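> Sequence:
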Amino acid sequence: DGEGKPRVNHITVFERPGLHEFLARTSEFAELVLFTAGLE
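Count along the sequence shown from 1, then add 153; that gives the number in the numbering used here.
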């Protein structure tokens, strides 16, 4: 499909209240890996 050509995708992200504080505090103790649900 992409055949090695660059592609630009625009997405909308809704962040839950307190997300940045949670990530900042937990990242002090562990390496974080985040996943999200896809639409396809």
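Please note that the accuracy of each hint is not assured.
[As the list claims (entries may be wrong)] Derived CB-CB ranges, DEER-like:
| hint | residue 1 | residue 2 | range |
| --- | --- | --- | --- |
| 1 | P159 | F188 | 17 to 27 Å |
| 2 | F182 | K158 | 33 to 43 Å |
| 3 | E156 | G191 | 27 to 37 Å |
| 4 | E156 | R178 | 40 to 50 Å |
| 5 | G157 | F182 | 18 to 28 Å |
| 6 | V186 | H163 | 33 to 43 Å |
| 7 | V161 | F188 | 15 to 25 Å |
| 8 | T179 | K158 | 33 to 43 Å |
| 9 | F182 | P159 | 33 to 43 Å |
| 10 | V161 | E181 | 26 to 36 Å |
| 11 | I164 | L185 | 27 to 37 Å |
Rather than coming from a laboratory, the hints here were simulated on the basis of the structure.
Quantities reported herein were computed from a predicted structural model and do not represent experimental measurements.
The beta-carbon is built from N, C-alpha and C at its ideal position, and this holds for glycine as well.
> Each hint needs a verdict: does it hold in this structure or not?
Hint-by-hint comparison with the structure:
no.	hint	verdict
1	P159 to F188: 17 to 27 Å	holds, 24 Å
2	F182 to K158: 33 to 43 Å	holds, 41 Å
3	E156 to G191: 27 to 37 Å	violated, 22 Å
4	E156 to R178: 40 to 50 Å	holds, 43 Å
5	G157 to F182: 18 to 28 Å	violated, 39 Å
6	V186 to H163: 33 to 43 Å	violated, 24 Å
7	V161 to F188: 15 to 25 Å	holds, 22 Å
8	T179 to K158: 33 to 43 Å	holds, 37 Å
9	F182 to P159: 33 to 43 Å	holds, 36 Å
10	V161 to E181: 26 to 36 Å	holds, 34 Å
11	I164 to L185: 27 to 37 Å	violated, 20 Å
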